[in-house]
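*Asks:* Here are the chains, one letter per residue:
Number of protein chains: 4
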Amino acid sequence: MTDTKTIGISTGGGDCPGLNAVIRAATRAAILQYGWRVIGITDGLDGLIWPERSRELTMDSISGILPRGGTILGTTNRGNPLRYKVTENGCEVVRDLTPQIMENARKLGLDAVIIIGGDGTQAIGLELFRRGLKVVGVPKTIDNDLSATDVTFGFDTALHTCTDAIDKLFSTAESHHRIMVVEVMGRDAGWIALQAGLAGGAHVILIPEIQFNIRKVCDFILQRDHRGRKFTIVVVAEGIRPGSDLRASYEQEKRMYPRAGAAGNLIGDALGMHTKKDVRVTVLGHVQRGGSPSPFDRILSTRFGVEAVELIARGEFGKMVALRGRRVEAVDIAEACGAMKRVNPGGEMVRIARAIGVCFGD
Amino acid sequence: MTDTKTIGISTGGGDCPGLNAVIRAATRAAILQYGWRVIGITDGLDGLIWPERSRELTMDSISGILPRGGTILGTTNRGNPLRYKVTENGCEVVRDLTPQIMENARKLGLDAVIIIGGDGTQAIGLELFRRGLKVVGVPKTIDNDLSATDVTFGFDTALHTCTDAIDKLFSTAESHHRIMVVEVMGRDAGWIALQAGLAGGAHVILIPEIQFNIRKVCDFILQRDHRGRKFTIVVVAEGIRPGSDLRASYEQEKRMYPRAGAAGNLIGDALGMHTKKDVRVTVLGHVQRGGSPSPFDRILSTRFGVEAVELIARGEFGKMVALRGRRVEAVDIAEACGAMKRVNPGGEMVRIARAIGVCFGD
Amino acid sequence: MTDTKTIGISTGGGDCPGLNAVIRAATRAAILQYGWRVIGITDGLDGLIWPERSRELTMDSISGILPRGGTILGTTNRGNPLRYKVTENGCEVVRDLTPQIMENARKLGLDAVIIIGGDGTQAIGLELFRRGLKVVGVPKTIDNDLSATDVTFGFDTALHTCTDAIDKLFSTAESHHRIMVVEVMGRDAGWIALQAGLAGGAHVILIPEIQFNIRKVCDFILQRDHRGRKFTIVVVAEGIRPGSDLRASYEQEKRMYPRAGAAGNLIGDALGMHTKKDVRVTVLGHVQRGGSPSPFDRILSTRFGVEAVELIARGEFGKMVALRGRRVEAVDIAEACGAMKRVNPGGEMVRIARAIGVCFGD
Amino acid sequence: MTDTKTIGISTGGGDCPGLNAVIRAATRAAILQYGWRVIGITDGLDGLIWPERSRELTMDSISGILPRGGTILGTTNRGNPLRYKVTENGCEVVRDLTPQIMENARKLGLDAVIIIGGDGTQAIGLELFRRGLKVVGVPKTIDNDLSATDVTFGFDTALHTCTDAIDKLFSTAESHHRIMVVEVMGRDAGWIALQAGLAGGAHVILIPEIQFNIRKVCDFILQRDHRGRKFTIVVVAEGIRPGSDLRASYEQEKRMYPRAGAAGNLIGDALGMHTKKDVRVTVLGHVQRGGSPSPFDRILSTRFGVEAVELIARGEFGKMVALRGRRVEAVDIAEACGAMKRVNPGGEMVRIARAIGVCFGD
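Chains as they are written, first to last, in the working numbering: chain A, 1 to 362; chain B, 1 to 362; chain C, 1 to 362; chain D, 1 to 362.
Careful, some of the hints might be misleading.
Which copy is meant is left open, because identical chains are indistinguishable; a pair holds if it fits in one copy or across any two.
Straight line, CA to CA, 25 Å or less: simulated DSS-like cross-link-like pairs of lysine-lysine [stated by the list, open to error]: (1) K230 - K85; (2) K276 - K341; (3) K85 - K277.
Simulated from the structure, these hints should not be mistaken for lab results.
Next comes chain A alone, as it looks inside the complex:
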């Protein structure tokens, strides 16, 4: 093998603003810095199962994608190629497609593959690395819940979308003396709810990490009312941890209504019933995963993309780029996966929020 390499890039999992910026930066660095060829692997790793779908990425084909949401490579819902759902003789069966993937990577001449994705995608990358594929990872999680990296791209953009929505609800709530409930993303970690709540000036923030008592939330709202503050903004994460007074209803709601909005609607109903105040619920849903990435996310994506190429150039495989403090570093994928970063109820952010009067219902 000479110095001229061919590398592949793949994106997996849910949407996240900044994916295209990573693709662009890695492609530009590979071409301009090293003169390598770059192959865009389409639809997660499907492009290694059907290699004819993959295509070369050139300076032209990545032009203009920096500010765009989504991913020009696409992703898949079929999931794990180690346990891939295929239809054979009319039946859906599960196959391990790793051999095909390794074979096709060789046919495409891939010297290394950059895999951009979350926990699940990185675990697949790790398995492929163990079987001989030269893999480098770029972490992606819009919920900011990966412990290996201080922060990843997409989170800041999601904060913008949520904060903008809270700003819009604020004046209506104030003018119309209403309780406004906003459900934001975060099944297991409350980072978006906590930070968007702080940024939007929410009065109540309910997150998975802090068990709340709905009575305490109602008391807080009624005390506000009493002091002439006739409105309240409540930010609710998708995953909440109700105390005994609401837990049964929550389990029932999730069973009967297994859609986004379960947490927000439950809280809305409970607050309306107990406070006799007018309540409106907004469920932001996938709007939070879209949009043009913020400057912060574009810059971080660009750094990650370039550093992933540097890892390949230095021959450091089985590693993932990560932001530590102000520096981009490399960590072992094996170490990085699985460890979740959750809000520390005794940490600085929650302390700051309590200091300015935010109610967590505990």
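Starting from the structure of chain A, add chains B, C and D where the hints point.
*Replies:* Then chains B, C and D, alone, in the frame of chain A:
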């Protein structure tokens, strides 16, 4: 009475970006142009029931409100002062408070009152006018469903919010091969759904004015899929008119789930079931009623506010300002109320949408 | 000729948000409604001089362009093909390339051409129409100064950009007791300055249609100061009409400093000198011509694009689409060109602005 | 002195999004957490020279200020109270007003003062601290050039404004084959130019820390042209460091044209002359200092505000809050002042930019 007048301003009904801009323009015109005094009537017409809550509006007190959502005057949920809910001896009873209102208007020295509000509020204004209050109306409807005026403030801003959400969902839908359903406002008229759908490039638009067949929508989506367009954006008004194949489920959904989101979630479930594709639903809710008004809405609000003052100066009461073509005119409140402007299924907008391939499911 | 047509689309002149939306709508309507072929003529009419540069527009090639600024077809700076600058034997000479254009249009099989552009571009289209090309026009002017149409796409988006800038300057001006001068587009017509000024709450608006006296502007600012309003927002059109006290300096400034910013900087200097207050100048420049089109502009562009195709279908050539009141109509290009729509100093908009206290310096 | 304190808050220097968020957070924490009184010192430290202008900040008076640009306390241009310009007998003389300030702080009962401001303001705070005032500092610099803190509020919002402008110019540049020059803030440090350039996908970035050769920039642009990339985005900091081929013109430009825009216009003229391409220049100016703070800036401001109150509670005066990595810490004001943080031409950010092909002209 000399030339120096005292006028009151009141805002009623749901929130709508531009209310503060009307208040500001009317106050400035009254003070700067005519040297009148202006009284801000708080919380709908409550400020005429408890006149001590009303306060003078000065150049200072309206400074900086032009770009802000909500209304500095507040509104009320108690509704119609002709049938006002009051608590007497622990019981809620209904009273006609018109006499108090007329009396307090006299005590406050109000020569005229500008009433900013929707259909219901204008009907109350009309009744007060018939009983002797010198009333001038400013129409407000975020749904754009008032036939008396070509368009009112707030609608353009709502379009921005909805179009922005569709833009954000678009790239995710495309990258992830998904159906994205967005429920927007519009119980009786589909203006927001139709125009935001056109502006956002939606593929399917479902509105109250056009009965749809869910099978036709599914066929349309599957044909797109067949042509390689693996994603679809569906904009759904709150009020929809399902054909026989979905009507029963819709009625049941509305009964069991009387919250915002009924229409969007129903359509989402039905499309997911029939097309076997991944579906995500976003319910924008009250976010659509908030936010800083768009330039168009600020300018229209300013025109309405100034013209309302001009009507008072000319002694034309019982009238409402309205936009006709490019001009602001005065119409009788009596005529203006009640007539609803709905989307014409055979009109230009629907024709344009069909010409570029939008599916209405009919 | 059978019913199956081939049509061309061309964009000319300065940038304007909504060009891509017109291209998309016309292409979709031509393909989906009529089954026609559509050729994208590149770089103004250059694509008819070098027909090999032109390419077919398909459903795929226009996918995703609706929200994007610019034009996928490109434009040219070489200008008028009737007097085209070409380099022959090292010298730049001027040639009439109409014969080549007519010839190439025939070679490309174009049954009709939609020409999207401003006054100058439409005049060229008219000349080509007179020589036999079947031309349909779509008007474009970001300044909103075409009398044939009530409004065109791009203007509303430009208003957003300018209003957003004024909003940003407002709080700084207020906190820091400053005069903020913003120069916006408009050499001959003050529409953007007037409407953005109204939407942003500017205190002073200087436009080409109203001659101003800098002393009167200074007096106005000092009177504000005296009343405790220590800041002033001044919106200045590129083209201004200073009275005798500033005219000489303006002419000198334009000679010595023939760049964007001449008007804004001159006013800034004069106000600083006379009022002894701190002044800051912002020159928005081409930012006003870019960005994702607003919902209003996207819808108007879509209507224009579809209606242009309808004109071709009906065989009405030499016509241009135009917005009249709420309807899109067809007007003769011959009539439409040349007549400029300027702000009427005695009209409604200026009257409204004066009523709320805006100073025009007259 | 009992536990109940009275504290003052003051804002000094240029505008910066997030000032109101600091005021709000400090006031809320002081009132809700400790039960202290809070005095808003108006117009920099003028409110200590004329104490009757200062006023108490309550939960009500800070309501709704979180998302607003500017500062509700105002600032001053008179500058340093140690060398304050006052008019005596018609002459402007310079006085040291420290004695009055100390006296008035005592009269107002201030136990401590939070001073929010840049380098100059902190130096004044330090002097007052040395003379006995209990001062705590909050750093403010929109240019991000203070070495004591990793980043301060306002910078992220400025990046948004600049990136948004570059996004808007991008499609116009591409469609119209133009060179677009954008001048952004940064007299001594190129952080905004570098990061906004990266976020916006600029092709050329000129900053004070890297001397450039205009010929090299022109060559870069012409090579792009040659490869079919007919447009270029050039981001220019206010302060640039031209090599010998442009230095004389730059000095002359700054002398003859001592306004914002000198750097951008000079570069624009030079590029136009040498490349014969169409160039447009945008000078963003004070728009960059305004606007609603971004979520990141609101959260950082909130943390700074709360931590400043904590410093007072712990009796740590003469200190300034600062962000170090992910933590807010306290640093000596004496140490913090003066040391400027500039872009390291050999650091990570510049290396990343070069890797993706950005030209710095060196």
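*Asks:* State for each hint whether it applies.
*Replies:* Taking the hints in turn, this is what the structure says about them:
In this assembly of identical chains, K230 and K85 lie within 25 Å of each other by CA distance solely across copies; the values are 19 Å between and 54 Å within a copy. Taking identical chains as interchangeable, the C-alpha atoms of K276 and K341 are never at most 25 Å apart, the minima being 37 Å within one chain and 34 Å between chains. In this homomeric assembly, K85 and K277 come within 25 Å of each other (Cα to Cα) only across copies, at 15 Å, whereas the closest approach inside a single copy is 49 Å.
Hint 2 from the earlier list is the only one contradicted by this structure; the remaining hints agree with it.
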